[in-house]
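**Q** Going by my numbering, 167 is the number at position 35 of the sequence shown; the sequence numbering is gapless.
Calculated directly from the structure, the hints in this document are not laboratory data.
Keep in mind that the hints are not guaranteed to be accurate.
Said to hold, decoys possible - Below 30 Å or equal to it, Euclidean Cα-Cα: the simulated DSBU-like pairs (lysine-lysine) are:
# : residue 1 : residue 2
1 : 148       : 138
2 : 148       : 212
3 : 187       : 139
4 : 212       : 187
5 : 190       : 212
All figures in this text were calculated on a predicted structure; none of them were measured in a lab.
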Amino acid sequence: MAGFDKKASDHIPWAKDQGHDYLVGSNAQNAMQAGLVTQVGLAPFTVDLEAEGFKRMKDANYTVIVQIEGATATVDESTKTSGSFDVLGGADTNVLNLLIIGRTADQPDG
């Protein structure tokens, strides 16, 4: 595959130690966080970012992509804060696949 012939893990010790073969870079000062969260109870289910191991966001201007195996899930945009958001859809014990893209609270302005 053109452009992916060199692995970061072959050249960067910490990438090798953590099993990160490829890295994504951005000059837009956005962070990407990904993880799995087990839903507890019926929708709406509130995802507390810090309680689930994610970084707090700088503000509510971030994107969340949510996927549940065999079900439909969406984020209720009106509930997004820098620390949480609600997921609509799914049921008790579903595993939510989350991708969160935006500026984290610890990123500098500018």
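**Q** A separate judgement is required for each hint: does it hold in the structure or not?
**A** Hints versus structure:
Under the criterion of a C-alpha separation no larger than 30 Å, the hint pairing residue 148 with residue 138 is consistent with the structure, at around 13 Å. A threshold of 30 Å between alpha carbons decides the hint, and for residue 148 with residue 212 the separation of about 35 Å lies outside it, so the pair is violated. Only pairs whose Cα atoms come within 30 Å are accepted, and residue 187 paired with residue 139 is accepted, the gap being roughly 27 Å. Pair hint residue 212 plus residue 187 holds up; C-alpha atoms about 14 Å apart against a cutoff of 30 Å.
With a C-alpha separation of about 12 Å, the suggested pairing of residue 190 with residue 212 holds against the 30 Å cut-off.
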